[in-house]
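Asks: Listed here are the chains, written in short residue letters.
2 protein chains.
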Amino acid sequence: MARREGRQKAPTIKVVAAAAGVSTSTVSRVFSRPHLLKESTVAHVTEIATRLGYVPHHAARALSTGRLGMIAVVVPDIANPFFPPVIRAAQAHAFAGGFSTVLGDTDEDPAKELDLLVKLEQRTDGVVLVSSRLPEQAVRERAERGPLVLVNRDVAGVPRILVDSAPGMREAVDHLAALGHRHLAYVSGPASSWSDEQRRRAVQERCAALGVTTTVLRPHRPDHDEGRAAAAEILAAGATAAIAFDDALAQGALAGMAERGVAVPGEVSIVGCDDILAVRTYPPLTTVHGRTAEAGRLAVDLLLEFVEDHDGDRDRRHLLPSSLVLRATTGRAP
Amino acid sequence: MARREGRQKAPTIKVVAAAAGVSTSTVSRVFSRPHLLKESTVAHVTEIATRLGYVPHHAARALSTGRLGMIAVVVPDIANPFFPPVIRAAQAHAFAGGFSTVLGDTDEDPAKELDLLVKLEQRTDGVVLVSSRLPEQAVRERAERGPLVLVNRDVAGVPRILVDSAPGMREAVDHLAALGHRHLAYVSGPASSWSDEQRRRAVQERCAALGVTTTVLRPHRPDHDEGRAAAAEILAAGATAAIAFDDALAQGALAGMAERGVAVPGEVSIVGCDDILAVRTYPPLTTVHGRTAEAGRLAVDLLLEFVEDHDGDRDRRHLLPSSLVLRATTGRAP
DNA sequence: CTGAAAGCGCTAACAT
DNA sequence: ATGTTAGCGCTTTCAG
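Line by line, the protein sequences give chains B and Z. Going by our numbering, the first residue of the first sequence is number 12, and it counts up by one from there. Going by our numbering, the first residue of the second sequence is number 12, and it counts up by one from there.
Incorrect hints may appear among the rest.
Computed footprint of chain B on chain Z; a stretch qualifies when at least three of its residues, placed anywhere within it, have a C-beta under 8 Å from a C-beta of chain B [stated by the list, open to error]:
#, stretch
1, 30-36
2, 63-70
3, 84-93
4, 266-273
Treat the hints as calculated values from the structure; they're not laboratory data. Even glycine gets a Cβ: it sits at the ideal position worked out from N, Cα and C.
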């Protein structure tokens with residue numbers, strides 16, 4: 012059996028230069044700003060380089076330019092199905108722009124979040140911070156120290172992308188009212204969540220405008236179990252329809268209703284938010300679809316802008332509209 | 012309003028050296044091999060360094076040592092709930108070992124996977140490749156070029172961690188047989204999947220041993236819709252129980268049964284695999300729990316071993332046993 | 001135990 | 001359009 016050779020060290024710019032009969036700067040330029048070179052040189056050097064299997068060394072380039080070629084995407088919990096689409100989009104877009112992404116998971120813990128942010132500061136050119144759980148002041152301070160774009164967190168002076176669930180929520184209320192519902196419950200999400208406040212407010216205001224009674228239930232951790240518990244609360248409130256902070260809660264509520272033998276949408280109607288697992292429930296969940304993937308893409312766009320130009324206008328705020336997706340968990344009031 | 016100062020550049024080893032009245036090598040050693048120095052020197056320099064807010068520059072160190080301090084975790088689809096636990100565990104463990112992680116998403120596309128692997132080769136010290144869709148030859152070639160650990164892919168000569176669903180599958184068959192089921196369907200997953208083959212085989216063999224009839228259904232994409240479709244196939248086969256390749260399929264099958272008014276577990280029993288969303292279904296899904304998080308942790312362990320010592324023993328194969336978790340979708344045969 | 005000096009591989013003025 | 005020459009910030013022999 013042939014013994015494995017020790018891994019061959021990669022060819023450097025120097026050996027390519029020698030082989031091509033040009034200077035190292037020329038080779039360097041071929042890979043960074045080819046437009047400054049004669050086409051023939053570019054072609055020639057490229058050919059030699061590929062033949063030798065040359066690839067620019069990342070760390071060396073980083074050291075020279077001060078650009079790491081890497082951004083971070085930080086989320087509270089990668090296992091929460093809300094995040095993968097934004098991560099994925101962010102990643103793909105960054106990659107297209109020549110940047111790698113590191114993913115950070117804060118485990119929903121503000122202390123870990125802060126820690127991570129500090130560590131990442133030296134390893135990345137900038138960070139996309141999704142659904143930050145940090146106090147506003149901390150976010151602002153971090154934004155002072157380097158390029159930072161927020162997703163679903165509204166801090167003035169820090170560039171941010173917001174998935175705006177309000178339009179969808181209003182549609183949901185309209186839809187329910189049109190079906191004859193006169194009393195509606197809102198199943199709240201985490202108390203400190205920007206999104207929750209936004210969604211709740213949209214529901215309340217629209218209900219008020221339409222003369223529909225609304226009961227706001229206590230804050231809930233956005234998971235299945237809490238949703239299950241919420242089913243009882245909805246029933247106790249005497250509501251005939253409920254809008255939940257998110258799909259996980261809505262799905263839990265569905266299960267809770269099933270346990271109690273309450274028919275959905277026959278006896279009560281349920282609406283979710285985020286459209287993240289809507290099609291996996293039974294019956295398929297009527298929900299508010301937010302453009303989360305687009306949020307990831309836009310966040311990276313914005314971030315890369317700031318990486319290029321540290322002194323761009325910080326106070327940018329993008330709102331991404333949402334809309335109601337009708338499926339099978341809403342029906343006429345009993 | 013005070014104008015924001017341009018970002019202050021981080022202090023280098025040089026300024027720390029000057030401030031501490033020592034040479035740069037000493038400062039360097041304080042951060043890399045402090046045991047070579049007098050305790051008092053270490054203490055003194057450390058103090059100065061923290062006061063100045065000095066942090067070793069990553070890229071510079073990488074250039075010098077050839078160690079990037081970074082590993083990659085590559086998965087087919089970050090949105091597939093099977094992966095987050097392994098990613099999360101891998102990440103946490105790597106971080107503890109002083110390594111950052113980049114996450115790669117191949118979008119289930121072998122071409123993208125290969126591409127990504129090439130790009131990552133120069134940016135990381137090694138990669139954990141989860142559920143690779145690449146041909147065996149390609150995997151082997153990549154393993155020659157640098158530290159690589161596989162998860163849920165069994166290629167001889169490449170270190171690998173396998174979540175072994177066979178024990179759990181056997182338990183499932185035993186469980187169903189004990190409940191009086193005599194005809195059982197296996198809902199197959201992707202045709203090229205190592206896991207599917209393993210699971211199917213375990214089911215078939217155990218059924219044969221027990222004298223239980225088994226129908227193997229066609230390959231399915233592991234998602235909800237296909238599971239829904241599978242419900243009809245299970246019924247058509249005349250089976251009174253089904254074991255699905257994974258939880259997504261099982262959950263879909265649940266929905267499919269509900270649509271047809273077939274009671275679970277009254278009329279048919281359903282078992283999933285992976286225990287990834289089991290508790291979010293209604294009724295809660297009986298499923299095979301695999302130790303996926305542990306797989307992530309172990310993979311990183313193994314990988315870091317190879318990063319330290321490029322010539323360790325390549326042919327390591329870890330099997331992580333699984334077991335059946337009883338919940339509410341299995342019951343006596345009708 | 002500590003210092004001096006030579007790079008690691010690449011880019012960026014500055015020349016030409 | 002291309003070559004020359006310094007570094008980027010850190011580690012690492014080699015001396016002392």
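Asks: Please name the hints from earlier in the document that this structure breaks, with their numbers sorted from lowest to highest.
Replies: Hint 1 is the one this structure does not satisfy, whereas the remaining hints hold.
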